[in-house]
Structure formats: C-alpha cells, structure tokens
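Trainee: All chains, full assembly: derive it from the sequences and hints.
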Amino acid sequence: MRIIFRPRGHGTYVEEEKLIASVAGAVERVNKLVCVRALKTRYNGEVGDIVVGRITEVQQKRWKVETNSRLDSVLLLSSMNLPGGELRRRSAEDELAMRDYLQEGDLISAEVQSVFSDGAVSLHTRSLKYGKLGQGVLVQVSPSLVKRQKTHFHDLPCGASVILGNNGFIWIYPTPEQKDEEAGGFTTNLEPVPLSDREVISRLRNCIVALVTQNLMLFDTSILYCYEASLSHQIKDILKPEVMEEIVLETRQRLLDLEG
Amino acid sequence: AKTFTLLQSEAVFWNGKDLEDLRVDGRGCEDYRCAEVETDVVSNTSGSARVKLGHTDILVGVKAEMGTPKLEKPDEGYLEFFVDCSANATPEFEGRGGEELGTEIANTLYRVFSSESSVDLKSLCINPREHCWVLYVDVLLLECGGNLFDAISIAVKAALFNTRIPKVRVLEDEEGSKEIELSDDPYDCIRLNVDDVPCIVTLSKIGYRHVVDATLQEEACSLASLLISVTSKGALTSMKKVGKGSLDPESIFEMMEMGKRVGKSLHIALQKILDEEESLGTSRQKVGFLG
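Residue numbers (full-length UniProt numbering), protein chains in the order written: chain G, 1 to 260; chain Z, 1 to 291.
These are computed hints drawn from the structure, not numbers from a lab. These numbers were taken from a predicted model, which means no experiment stands behind them. Quick reminder that beta carbons are idealized off the backbone N, C-alpha and C, glycines included. Be careful, since some hints might not be right.
Coverage of chain G stretches by chain Z, computed from C-beta distances (three or more under 8 Å per stretch; other residues unrestricted) [as the list claims (entries may be wrong)]: (1) 193-207; (2) 229-236; (3) 239-248.
Mentor: So this is what it looks like as structure tokens:
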C-alpha cells in the first residue's frame, strides 16, 4: 500500500516508504486507528485496575509505590483505610504515624483511583479487600500477560489464593481461614504456614513462571489447568525447559477444548 | 550488591523457623537451579565458557600469553584474574559501580586458586626464569541473578578445561640465545588438567537453614553466607565468610560438610557435561548468544 501522507504516532518509523511499528505485540484496530499493544512493556494505569505494589518511599501525606510503571505510583494518606475502617479526616498525628501503617518494602493491593496527566497513577485502598499483604510469594510478569477480568482476587480450589495485579505483580498467598477479618488491616499474621500450603504455593509460583515463559495469558482458569497438569511432576522440575513446554501444551489444549 | 527490600512477612513465609526442605521455587536446600554450560563460545580466546544459572549469566575467556615467571616461582607459570561487572547486569554497575564487586570476586578467585594443587603451574613453564605461559582469565558478568561466585567458578573451570595452549619448542643456538618456535599446526596444543580445579559453593544462612544457590530474593533474606571452594575429591581449598550477620561455629561445621557434599556432586555433573561436549567434537552445534 503506497503511503503519501500519514500522520504517525509514537513508536513508529518509516522505512522504504512503509510505516513500521517499533514494538512487537498484538494489534488493535479502532476505525482508522491501528495500535500495537507491546508484549514487553511497563504498566500503563487505567482507572479501576487492581494493582499489587511495593512501597518505596514514605513522604508527607503520601506513599510512593512501585508498580512496574514508568513513574512511581502514589498512595495518598487520605486514600488509605484507617484501621478499624474509621471514616474521619486525617490529622497531623496520622501523618506522623504513617510509617506504622506502611513502611518501605511493604506490599499492598490497591485499586487505581485516577491517572495524572504525566501518566503517574494514584491508588486507593478504600475497601476492606485491599490493604497490606501478609505472608506469601510475589511473581513479577509483564503486564500484557494478565487478562482483564471482572475480579482479580481468586481463591483457587487447590488450596491457595491469588491476586492477579493488572500491573503484572502476582501475589500468591495461603487462603485465610476466616473470611471476614478486617482484611485491610495492618497486623500481619506471622504464624508459620503449614508445609502442605507452602507446597501448593510453590507449585503455583512455578506454574505461573512456566506460563509466562511460554507467553500464555494469565487468568484463574489457565493457572488452575496448569497446576493440574503439573501435578505429575515434582515442584522443582516444573522449571526445566522440557517439562515447562509439556505442561503448558497440555494447558493450552484444555483451554482450547473449553472454548470450542 | 543490589538492595532489595522485602516485606517482613514475605521473608518469614519463605524462611522462618521450623521450615522443612522446601524453598519458594520448590527446590530443596541442596538443589541448584537449572544450569546451562557451553564452552568455546568466543573465537579469539584460548578457551572460553558461558554459564547460565537461573538468571545469572557469566562469560569467561582465557587467553594464554607469554610472560616472565615471577621471581619467587621461577619454574612456574601463573594465572591472572580480571572481573568485569557489565552495566548490562544491573543498573548499579553503571560507570564505576561494579568495580568494588569486581575486585572482591577477583580477589576471591586468587585465593581459591592459590593452592598449589589446583592447577599444575609447572606445566605452564617454557624456560625457567625466562619464559612461561600466563593465563589471563577474564570474567564478564552479563546478568546478576544471585549466586555469582558459584556460577563464576563453574565458568572458570569450564573455560580452563576448554583452553588450548599452543605447543612451543625452545631452540638454543651456539651463542646461547634462545628462540621460541611455535608449532605450525594450529591444533597442536596442550590442555590443562582441571581435575583438581576447585569450584566455589556458597552456602547462605537463611533463618535456621543453610541453602545452596540462593536467588536474589533469598540473598536479600540471608544475613550471612559462607563461601567454600571444594575440589572434585571433596578437599577444601579456601573459605570465606561474607555478610553482616554472624555464624555459629556449629553452623560453620555443618555448612562445610554440606558444601563438600554439594561440591562433589557439582563437579561430577560439570565433568559429565564437559565430557559430553568434548565427545561431540567439531560436530557440536554451538548455541552461542543467539540461541
């Protein structure tokens, strides 16, 4: 197709009169707009996304959160749940006690409240299901591999729960026994987790790594199928290249059977 | 190295008290990650090897050059180690950031190879007091994924195994001046005996357990580690403690025993791969950097 004049957006270049995208990925077309969603990319926040982030800085009235995006995300003190779910104006004492709530290195689950004009994301934890995360394992993947779903908090039947952050941070943790604790709470349970639960979590973690290496989308069904396919192998063997291919092939097959 | 802040409860989950032999990725305390070893990857060296241990990627090149023997050891050649922490590995190595780590690793390698039995240095001598072979071992860190020392020592051993030193003859004429003649055949060379070359095994103390081959996250949780160099026969050639935490003398003894065990099986596995590669000879398909 001969191009005479075409306005071009970011990430494209012209070679031999053809317009070429400089990133590889999935193509999305909306009328005359052609977008390429890159496979390996930083997280671009959208309002309503669930993210898992790590606190990097404690500043005045806000925390800086690392969410694998171009700029650090922000969690304002006013967007954070107070323990006990109180609703009140944040006072100067709350400001001074910020470090007691969240410190550098803590992991939180939150929702994107808004996006600033420069692309930085503002988070909020204004629900009891968000808040500081306790014992568990974090897996970092590319954001493009996390499928957008209605809910990102899953309690898998194999005995663990998983939070699929849209920013590519996946948090695997033992399913809490009591469901109606103040989950947005700040007291973390440091009791040792039983071996059986830890085995499930290790296996899930390896399955997720296997799915990611083979570029399969991550959602609760794919993770579950992969887990079931991996049961015939030892946990540490899942990361061997041959075993990974085998397991993911089986998962792909089952997913195709599910669709068609 | 890289600072890695972890949630306290994450650290407890992985490495708290009374935890059995299960790590995050399902490995036991004495298991290594999947390792890939390939030799002869750099064409203009006398020997080279590349080792990928999980996310840690090391490239070692050995160049044999002629030099003068050291004064205190006139009938031996010697090894020189240089470690370059590439800025590709982590952003902290940008500019001169990686120098400190590089010097530390080089000094550790000198210590490990300081034992007389590691490499037969007398075979590197050409003319006592005048000429000898100097092996310049260059280590390049391509990616840092935890457990650098082990990966580097494996790569160094593989590279030394792969090293081919040209055969030389010393000709003396009537006036007494010596001439060194290089053999015409490029395949006419001597190989080093690497049977006694030690490998480093790093044992990190995490909580109440000792683990081998720690990942970056595990290293962040570990306060103290013991680096021991073990030969294939299980002999210890050097030991070094790193980290700001302290180690109990009993733990040290346990770690040493574990290290010897793990080291012996590491040598067996490595030798098997090297022998397999050797047996394929020139028909071996090289993966190199594009595979």
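Trainee: Tell me, which hint numbers fail for this structure?
Mentor: none
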